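Novice: Using the sequences plus the hints, can you model the full thing?
The letter at position 119 of the sequence shown is residue 119 when you use my numbering, and the numbering goes up by one with no holes.
Wrong hints could be hidden among the right ones.
Claimed, not checked - Under the rule of at most 25 Å between Cα atoms (straight-line distance), these lysine to any residue pairs were calculated in the SDA-like manner: (1) Lys10 with Ala49; (2) Lys118 with Tyr156; (3) Lys97 with Ser121; (4) Lys97 with Arg30; (5) Lys118 with Leu82; (6) Lys97 with Tyr144; (7) Lys175 with His103; (8) Lys42 with Gln26; (9) Lys43 with Gly80; (10) Lys53 with Leu82; (11) Lys175 with Met162; (12) Lys43 with Glu108; (13) Lys10 with Val25; (14) Lys175 with Thr104; (15) Lys175 with Thr91; (16) Lys97 with Val129; (17) Lys118 with Leu98; (18) Lys5 with Asp54; (19) Lys167 with Ala105; (20) Lys118 with Asp101; (21) Lys118 with Phe176; (22) Lys79 with Gly14; (23) Lys163 with Ser147; (24) Lys43 with Pro6; (25) Lys43 with Met4; (26) Lys79 with Ser121; (27) Lys43 with His103; (28) Lys167 with Tyr150; (29) Lys79 with Glu13; (30) Lys97 with Tyr150; (31) Lys167 with Asp153; (32) Lys43 with Trp86; (33) Lys175 with Asp138; (34) Lys118 with Lys10; (35) Lys5 with Leu51.
Unchecked claim - Derived Cβ-Cβ restraints for the label pairs, each shown as a range: (36) Ile122 with Ala49: 27 to 37 Å; (37) Gln26 with Arg107: 14 to 24 Å; (38) Ile114 with Thr23: 46 to 56 Å.
Because the hints were derived from the structure by calculation, they are not lab data.
Predicted, not measured: the structure shown is a model, and the values here were computed from it.
We put the CB at the ideal spot given by N, CA and C, even for glycine.
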Amino acid sequence: PSTMKPTLVKGAEGSVNQIPPWTEVQGDIRLTPFYDITECVKKVNGYVAELNKDISVLVSGSRGPCSKYDINIEEGHFKGELEMIWDQEATQGIACKLDSDGHTALREATHSVIGECKPYSITGSLPLVGDMQAAGFDIQVCGYGHSSVYHGDNEYCSLSNMKNALKIFTHILNKFNK
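Specialist: Dropping the structure here:
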């Protein structure tokens, strides 16, 4: 499924009894390839604009009278504001074509070397891959590391898996070079 998650929160330095004047939340959106990333960006920007028109909608009434994002005090009026900054160009995800020559060759080579082939799908993106597929390239994405430690602390792979990857790629190259 597609996800939108905060992954890093920062705030202005202060003391424990102060509301910080600003808070920054960073995160990422990972869309399944069947959604248009440009449309997603427009929608999210629209939600932010809608919340900024009436930020009080964030208060559900279940919090106390001091939990507000729009505060009137004698010195002036303070109102929370949301700002969405896209710090990099959005990358469109892809769905590999399971009926292509490239997928068939990869599946056969993997089965030949490892003895089985278990295709699976994950969300994420790689720069330029969607653009290459849109340009007509037969794109297949595969990895030979340990999926249990992808993007984790001390991510690693085994030499035996890399050796098998080389055998698989050699098998594919031999097939297409005949």
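Novice: Each hint: holds or not?
Specialist: Quick rundown of the hints versus the structure:
Distance check on the hinted pair: Lys10 and Ala49 sit about 22 Å apart at the alpha-carbon level, within 25 Å; holds. Between Lys118 and Tyr156 the alpha-carbon distance is near 21 Å, which keeps this suggested pair within the 25 Å criterion. Taken as a hint, the Lys97 and Ser121 pair is honoured in the structure, with Cα atoms around 12 Å apart against an allowance of 25 Å. Distance check on the hinted pair: Lys97 and Arg30 sit about 20 Å apart at the alpha-carbon level, within 25 Å; holds.
Straight-line distance between C-alpha atoms of Lys118 and Leu82 comes to about 44 Å, which puts the hinted pair past the 25 Å bound. As the CA atoms of Lys97 and Tyr144 are separated by approximately 20 Å, the hinted pair is consistent with the 25 Å bound. Proposed proximity of Lys175 and His103 is supported: the alpha carbons are some 13 Å apart, at most 25 Å. Between Lys42 and Gln26 the alpha-carbon distance is near 18 Å, which keeps this suggested pair within the 25 Å criterion.
Between the alpha carbons of Lys43 and Gly80 the distance comes to roughly 21 Å, so the proposed pair stays at or under 25 Å and holds. A threshold of 25 Å between alpha carbons decides the hint, and for Lys53 with Leu82 the separation of about 10 Å falls inside it, so the pair holds. For a cut-off of 25 Å, the pair hint linking Lys175 to Met162 stands: about 20 Å separates their Cα positions. The hinted pair formed by Lys43 and Glu108 fails the criterion: a straight-line CA distance of about 42 Å is larger than 25 Å.
A distance of roughly 6 Å separates the Cα atoms of Lys10 and Val25; the hinted pair therefore holds under the 25 Å criterion. Between Lys175 and Thr104 the alpha-carbon distance is near 11 Å, which keeps this suggested pair within the 25 Å criterion. Between the alpha carbons of Lys175 and Thr91 the distance comes to roughly 32 Å, so the proposed pair goes past 25 Å and is violated. Taking the CA atoms of Lys97 and Val129, the gap is about 13 Å. The hint holds against a cut of 25 Å.
Restraint check for Lys118 and Leu98: satisfied, since their Cα atoms lie roughly 12 Å apart, inside the 25 Å limit. Taken as a hint, the Lys5 and Asp54 pair is honoured in the structure, with Cα atoms around 23 Å apart against an allowance of 25 Å. About 13 Å separates the Cα atoms of Lys167 and Ala105, which keeps this hinted pair within 25 Å; it holds. Of the pairs offered as hints, the one joining Lys118 and Asp101 holds, with about 17 Å between alpha carbons and a cut-off of 25 Å not exceeded.
For the suggested pair Lys118 and Phe176, the alpha carbons sit about 22 Å apart, so the restraint of at most 25 Å is met. Distance check on the hinted pair: Lys79 and Gly14 sit about 19 Å apart at the alpha-carbon level, within 25 Å; holds. Between Lys163 and Ser147, the direct Cα distance comes to roughly 17 Å. Compliance with the 25 Å bound is thereby established for this hinted pair. In summary, the hint linking Lys43 to Pro6 is supported, as the alpha carbons are separated by about 17 Å, within the 25 Å threshold.
Proposed proximity of Lys43 and Met4 is supported: the alpha carbons are some 13 Å apart, at most 25 Å. A distance of roughly 43 Å separates the Cα atoms of Lys79 and Ser121; the hinted pair therefore is violated under the 25 Å criterion. Taking the CA atoms of Lys43 and His103, the gap is about 34 Å. The hint is violated against a cut of 25 Å. Pair hint Lys167 plus Tyr150 holds up; C-alpha atoms about 22 Å apart against a cutoff of 25 Å.
Our distance criterion of 25 Å between C-alpha atoms is met by Lys79 and Glu13, whose separation comes to about 20 Å. Simply put, Lys97 and Tyr150 have alpha-carbon atoms about 24 Å apart, close enough for the 25 Å limit, and the pair holds. For the hint pairing Lys167 with Asp153, the CA-to-CA distance comes to about 28 Å; that exceeds 25 Å, so the pair is violated. As the CA atoms of Lys43 and Trp86 are separated by approximately 13 Å, the hinted pair is consistent with the 25 Å bound.
A C-alpha spacing of about 15 Å is found between Lys175 and Asp138, which places the hinted pair at or below 25 Å, so the restraint holds. Restraint check for Lys118 and Lys10: not satisfied, since their Cα atoms lie roughly 40 Å apart, outside the 25 Å limit. A hinted pair counts as satisfied when its Cα atoms are at most 25 Å apart, and Lys5 with Leu51 qualifies at roughly 18 Å. About 32 Å separates the C-beta atoms of Ile122 and Ala49, a value consistent with the hinted range of 27 to 37 Å.
At about 38 Å, the CB distance of Gln26 to Arg107 disagrees with the hint of 14 to 24 Å. At roughly 48 Å, the beta carbons of Ile114 and Thr23 sit within the given window of 46 to 56 Å.
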